[in-house]
Each structure stands twice: as C-alpha cells, then as structure tokens.
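S.K.: So the chains spell out like this:
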Amino acid sequence: MVASVRPEGAPVISAQDLVKTYGDVNAVDGISFAIPAGESFGLLGPNGAGKSTTMRMIGGVSQRTAGQLNIMGLDPEQQGPEVRAHLGVVPQQDNLDEELRVRENLIIYGRYFGLSRSYLSQRADELLEFAQLQDKAKARVDSLSGGMKRRLTIARSLINDPKILLLDEPTTGLDPQARHVLWDRLFRLKEQGVTLVLTTHYMDEAEQLCDRLIVVDKGRIMAEGSPAQLIRKHSSREVLELRFGTDRNVAVAERLDGTGDRIEVLPDRVLVYSDNGEESLEAIRGRGFHPITSLVRRASLEDVFLRLTGRSLVD
Amino acid sequence: MSILHDDDYILAADRRPLSALYSRNARAVIERGFRVIKSQNWIVLVSGFFEPVFYLLSMGIGLGQLVGSVQGPNGAPISYAAYIAPALLAVSAMNGAIYDSTWNIFFKMHFGKLYQSMLYTSLGPFDIAVGEIFMALFRGFLYALGFTGVMAVMGLITTPWALLLVPASVMVAFGFASFGMAITSYMKTFQQMDIITFVMLPMFLFSATFYPLTVYPEPVQWLVQALPLWHGVELMREISTGAFSLVTLLHLLYYVVMVLVGLAFTTRRLRALFLR
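Protein chains in written order, with this note's numbering: chain A, 1 to 315; chain B, 1001 to 1276.
Among the hints, erroneous ones may be present.
[Stated by the list, open to error] In silico lysine-lysine, BS3-like type, Cα no more than 30 Å apart, as pairs:
id: 1; chain 1: B; residue 1: LYS1188; chain 2: A; residue 2: LYS138
id: 2; chain 1: A; residue 1: LYS233; chain 2: A; residue 2: LYS190
id: 3; chain 1: B; residue 1: LYS1113; chain 2: A; residue 2: LYS138
id: 4; chain 1: A; residue 1: LYS190; chain 2: A; residue 2: LYS149
id: 5; chain 1: A; residue 1: LYS233; chain 2: B; residue 2: LYS1108
Bear in mind the hints are in silico, worked out from the structure with no lab data behind them. Predicted, not measured: the structure shown is a model, and the values here were computed from it.
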C-alpha cells in the first residue's frame, strides 16, 4: 500500500483540462474545476453539453482523451474499483436490477462493494426507511412507480456510505413532493460532510442545493461561481416580463431602449432586465405603452443559464 | 453515521496487479446469479437440457436398432447408444454454457443494463466476467449431471471412469462459457443472435457426434478437429470407456487454452464496452 498523494485541505476532486472525444466530436473540451471536501458542486448545461460524460469520467467508467483527473488522491482510470468503493452514483436513467426484489437490490448492490451480509441487512432497512419504501421491500422493481424507482436508485447509491455522491439529474421526472423530499435528504447528507456533485437543468434545484456551480455548454465552461455570484454577474437583479400581444412585441421592444439594462424579445413576451423592475415599468408606461400583462420577478439562475447557453433547442 | 472530515477523503492506492480490472469479488456476482435462479422459473432453467436427451433417445434407441454395435475408442465393440451418449454429454455441457452465456448475457447487456450498474461499484470487469462465466458453467454442470444420470439409467455407464465425466463436462462448459460471453458482446440485435445458432447447430451435428471422424476426407477432418466440440466429444468418449492416451491430455489442454483466452477476451470486451 502506498499513501495517497492528496495533501490535507486539497480538493477531493480536481480536473485539469479534461477532454473526451467520441469520433471527431469533443463531448468535453478542456474542462477544469476543483471541488473541496464537503462542497455541493453543480454542473449545469443543456442536453449534450458534456455533463454526463464528465460524471462518467469522475466515476472512472469513461476513459478521458486528455487531461488530468484526481479523486481523493487517485486517478480513477488506474484505480477504478478503489475510487468507486467510496463513490455513490445515481445515473441519469435508473438501472435497477429487475431480476431482484426491492430489498435484494440494496443487499446485492452492497455485496458488489464487498460489504458483509449482516451489515447490509441493517443498512438496507435504514435505506428503505430513508427512501420511504419500507412497505415495498419484497415488491418487484417493475411494479414501482417512476418516483419510487428513483428513490430506490438514490437509496442504493448510499449503501456503501459514499464520501462523494454523483447525481446525474437526480430529480428529473419526479413530482414536486418527491423532489422536495429528495432535496431534504441530499441536504442532510451534505450536513454529514458528504461531497455532492450533481448535474441538473432545474435552476431552482441548483439554487437550492449547490454551493458552487459551473455552467457548461458544448463541452466548455461558460461561467463558474455560486448561484448568487452568477446572477449578479450575468443578469440584473430583477426581470420585468411584459406581454403586448405576439404581433406587437417586436415593434414595442424597439422603442423601449433605456428603460432597462438589456431588453430581450421572445415570441410571446418582452423581457426587460433591470435593477428595479417597478421603475422600469413606470418608465415604459410613461412612454405610452400599456402591456396586456406585466410581471416583476427576481432574476434567477435560469436567466443566467439562458443568457450563457442561448435559447435555441439542443438535441 | 459519523460526520466526514477533510482527512476522511484520502484513499490509498491498491498496487496489486490488475487492480483496475479486478477487485477479487466475483463471488458477489455469483451470489446475484443464484438469487435470480432461486426466484426464477425452473422450466426456463432446464429447457436446454432436453435437446441432447431427445437425441439420445431417438438416435441411440431408434437408429441404434438399425446400426447395431460399433467400434468404441479402445477397439472393442459397443452399442450405438453407448457410442453417441458421451458425445451428447459434451453437447449437453456446451448447451448449458451457451444458453447462459449468450441469450442471458445479451439481455443483461442491452436491456437490463446490469453491467453498467455493476461497474459503478467496486467491481471490475474481470470480477463480472468470472462471476457470469461461473454461472454459465454452473448451468453446463447441471445439464451434464442430469445427462450423466440419464446415461446411468439407460445402462450406458460401464466403467468407474465414468465418474470423471462430470468434471470433464465442467471443463467443456467452462471453455464454451468463457468464449460465449465475449462473442455475445459483439451482438447488437436479435437477428445477429441467430448467427450463434447458425454456428452451433452444424458444429453439434458434424463434430463426429454421431459417427467417427474417419468418414470425412482428410481436409474436412482437419477442420472438424480444430473445432472445440470435437475435442469435448472425444474427451468424453475416451473417459466413458477408460481408453486414455496422450491425446486425452491434448483435448484437456485445448480447453485450458480456450478458458484462458476466453477469460482475457471477455474482460477485454467488457472493458471496451463499458469503460470507454
């Protein structure tokens, strides 16, 4: 055995110029980041931005094309089993073992980590409670609802008491109740010092859970910081949403210059980015424009995200 | 659960050889296999067992009436049923291993996504290969055990050497299982899976299973002798009559090589597929 190379206080995950190429496509194109112990770190980006690929490289199940990656002092490519022994993984799509029952899924998964049966028996019951699936212990996996499967997948990822939890779009497809339960559970793990790395495209989720995040698009980092920092840097404090009717939006927007920091026209509404939405609205009314509806709201990460990655659809 | 601190986040490197591929925990994969078998329908498990039994009944008893006795491996005449039974035993072991390592693995790879989830744990591809191949081998063993029982009931076992038939069958099953999984990893669609049947059936019929190799012209003999089933058939035949020679060792060696190459091949494939 050789001691780890990770000095005290150093990041538990550090990536340097990570590149992953599939054929001639750069799925990940030179990403660098460092995550300290106990941080909750988010990767935000549209579909195909390279978030999942980055997660897979951290787990050591995808070989990087170039760059450096260090997880708790080890290279996951060289030491896959050892690194993954301390990792919990929630993949984007549930991959539960449909040939096993609910509780067996937890026990056998724990056996893959080499954990003892007696330990797992107790741990599985704790996790069933955590996931609120006690009544389903003996049920078949294919009889579970989508939300239940997701909860079971998350419970399964905790069977080895991971130090780092990788969550790839953990709440996609869940109803609001289930999402809030899950956020609560993740927050508790964070309090226990578990490092969370999550991808999401729910901005409210990122604002709730992430201490810090990177916005990724086309395999590159577009912005980095805490949610509040990013909003401050890439958006105004408030956003005024106005509807003049689809046929008038463009014409009106051209004559709103100066009422906000920035004006954006969408097919159905006009957005005025401003530090004071009410004042902007007064100014616009003062120019003789009366919107059908108006709404002043606080700027969110979603505004930052759309600003940085554009509004066009990505497939 | 205790609270994690910064100094908990230090891992020690595992410097043992192959530590990136193997975590010495194939038994967990095997444990899963047995749990699934326990909850499975037994009919599914044993369906492949009957094929060689039916051949033994129809050919051995039916056709045997016409054929009468034939020359055994040690020169002495034996009944036609006794001649083909050990060959069909090799087929039985092969079938068990192949059913498990092709169709079962195909489903797990493409529909169950089982290996993807396993590889996100501390298991490495070699653990999975060994575990899954063991399960296929276990099925081959069950089939062979059953078939040996059928042979005993039909009075086709005449020497104590026949006890070695079962371990020899395991070796045959091992050879096919370790290759089957690697081959299956190339298959992407159901149509491609038919290729396996297309290869297995002629190998079963033409590997000197029902008649001696000498009926073929020499070039064909060479071809048949290159195929794995022929070595299994000959191995079983020699054991069933206690007619051992250096060639027996050669047959065994063929399977040892097949197992080693198959294991390395399968590990490589799992790695190429899931650790890209």
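S.K.: Run every hint past the structure and note whether it holds.
M.R.: Verification of the hints:
no. : hint                 : in the structure
1   : B/LYS1188 - A/LYS138 : violated (33 Å)
2   : A/LYS233 - A/LYS190  : holds (27 Å)
3   : B/LYS1113 - A/LYS138 : holds (22 Å)
4   : A/LYS190 - A/LYS149  : holds (22 Å)
5   : A/LYS233 - B/LYS1108 : violated (48 Å)
Checked against the numbered hints given earlier, the structure breaks hints 1 and 5 and satisfies all the rest.
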